[in-house]
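Novice: Letter by letter, the chains look like this.
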Amino acid sequence: MDFELKRLGFTLLGLLIVLNWGLLMGAAMRKIGARVGKRYGIPWFQPWINLVKNYAIRTSLSHGIMFYLGPVFRLSGGIGLFLFMPMIIGSQLWLNYSFQGDLVLIMYFQFFGMLGMALGAGEGGHPYSAIGISRGLSQFTTIELPLTLAIISIAIQYDTLSIIEIVQAQQGGFMNWTVFTNPVATIAAMLSLLGVLSHSPFNLVIAPNENPIGPPTEYHGSFLGVLQTNRAILHVVEAALFMNLFFGGATNWFEFFAKTFLIYFWSVFVGVVFPRFRIEQSVSWFLKVPLVIGVLAVILYM
Amino acid sequence: MSEEKNIEQPSKQAKTFENPYYAKREVTGPDGQKFIVDPMKDYFSDECPTVHEPNSIPVVEKFLNWARAESLWVLGFGTGCGSIEIGPLLTPRFDAFRYGVMPRPTPRQSNVFIISGYLAVKTLKRVIRSYEQMPNPKYVLALGSCTINGGMYYDSYNTINRLDQYIPVDAYVAGCMPRPEALLAGFNKLKELIKAGKAENANEYAKNFDWYKANQKKIIKDWNMPDYNW
Chain D
1 MDFELKRLGF TLLGLLIVLN WGLLMGAAMR KIGARVGKRY GIPWFQPWIN LVKNYAIRTS
61 LSHGIMFYLG PVFRLSGGIG LFLFMPMIIG SQLWLNYSFQ GDLVLIMYFQ FFGMLGMALG
121 AGEGGHPYSA IGISRGLSQF TTIELPLTLA IISIAIQYDT LSIIEIVQAQ QGGFMNWTVF
181 TNPVATIAAM LSLLGVLSHS PFNLVIAPNE NPIGPPTEYH GSFLGVLQTN RAILHVVEAA
241 LFMNLFFGGA TNWFEFFAKT FLIYFWSVFV GVVFPRFRIE QSVSWFLKVP LVIGVLAVIL
301 YM
Chain P
1 MSEEKNIEQP SKQAKTFENP YYAKREVTGP DGQKFIVDPM KDYFSDECPT VHEPNSIPVV
61 EKFLNWARAE SLWVLGFGTG CGSIEIGPLL TPRFDAFRYG VMPRPTPRQS NVFIISGYLA
121 VKTLKRVIRS YEQMPNPKYV LALGSCTING GMYYDSYNTI NRLDQYIPVD AYVAGCMPRP
181 EALLAGFNKL KELIKAGKAE NANEYAKNFD WYKANQKKII KDWNMPDYNW
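Top line first, the protein sequences correspond to chains D and P. Going by our numbering, the letters in the first sequence line up with residues 1 to 302, in that order. Going by our numbering, the letters in the second sequence line up with residues 1 to 230, in that order.
Watch out, some of these pointers could steer you wrong.
[Said to hold, decoys possible] With a straight-line Cα cutoff of 20 Å, these simulated EDC-like cross-link-like pairs (lysine to aspartate or glutamate) come out:
1) P:Lys41 - D:Glu123
2) D:Lys38 - P:Glu181
3) P:Lys218 - P:Glu132
To be clear, the hints were calculated from the coordinates, so they are not data collected in a lab.
When you get a sec, could you build the whole thing from the sequences and use the hints?
Specialist: Written out as structure tokens, the structure is:
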């Protein structure tokens, strides 16, 4: 079979695996949160049912073209991240469409969905959406800063902007992982990961019991289904990015599942322990602690 | 005594309340351009609700109904004293999350509306607005005897007696107050109805829209919103 066709098939299969793994991890997170709160929690298959139900909602009302495009942009941000992210190192077929310099593109795609969502939710016209957007964008800007500095630091360290080369440089024993060779950058990035995955201390933007649910206030039915789909994909791909950059990547799917779950669990672990920050608290926290560590990580490798 | 005489007596004519926020007015834009804003037309849709027929393939509809029944998102809107029971329902003792019940802050994303107890006329107005904003397969769970016949407020000047005159009700949970177990039983009844395909009250509301609207307008005097507001 033609290699390009084969690669397309494997990429789509990978997307399916990532989506289901993301939904399962979301359920596991809810379950862990429930057990910490002494509840039994949702059934493990609840996210799938929610997804089916949301896609099956009959009413679908629009506030304009951008309102439609908001979730589409969000989903293309998530899928774009997935497409350029190597999943399994060592197999040509699971590298997706990663290429030299994909790290820059991935940094861009992280913001792409948020901006599309901001335009779409803005057209929804609900005041809570507008408040949610301004909070979300200001928080995410401060999250991106330490993450970008950490990535600059390891780009200097490995002298490349290709994720595959960064992963290959970490092979041959866990002492070669970035977490041991460049711990300062890892700390900065792992702190900003808490914000990227938007769990408890930094989930004010979409918390259901703050300003009702923030940007997606007006989104319902299949719009919300698209947003949930994206969320599941995005969480796995973000965890995979951190796995590739700092924890040696994965050479098989079992390793992939174990590492992404543990990286995801780090944010869940912090989330169930710490209460929610207000927006100005989280912004100033990101500008104080992870940003300083990030600057330090760059200075050390200059 | 003399001060009291100076107070103007209200005129005998009935006054209609007009909120200036909803008045039609001319607005000057940031670049000096002038345009007319009519909030009642611009901010709301006054289209009538339409009937959305269930999926024509029975197997598909059965599957979708199963998903709808197992994922009931409740609008976080407590209307009367019954809303005090929603707290225990979601916390460790009763934990309704086990059954796919989840609170949701916005009517756009909710499927179930729990009318938790008596409804003052003022609250009824908000209930109607919230109910109409919910997307089509939507269910109403009426909690307590107040929603059935007025309960202990049956002769009150400011509460409605029968909820199903104003919005269609899928399942009643009787009692004053029903405990969270009773509410869980109500959820199970609602699930049975949805799985059997009998919970099509959103379509019933669209079909009998004029009747419901006439009833609502009979009791809500200051009707300062479009007839149907999405």
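Novice: If you draw a straight line from the CA of lysine 38 (chain D) to the CA of glutamate 181 (chain P), is it 20 Å or shorter?
Specialist: 19 Å, holds
Novice: Take a quick look at whether lysine 218 (chain P) and glutamate 132 (chain P) sit within 20 Å of each other, Cα to Cα.
Specialist: 18 Å, holds
Novice: Would the pair lysine 41 (chain P) and glutamate 123 (chain D) pass a check requiring their Cα atoms to be no farther apart than 20 Å?
Specialist: 17 Å, holds
Going down the numbered hints, you'll see the structure goes against none, and every one checks out.
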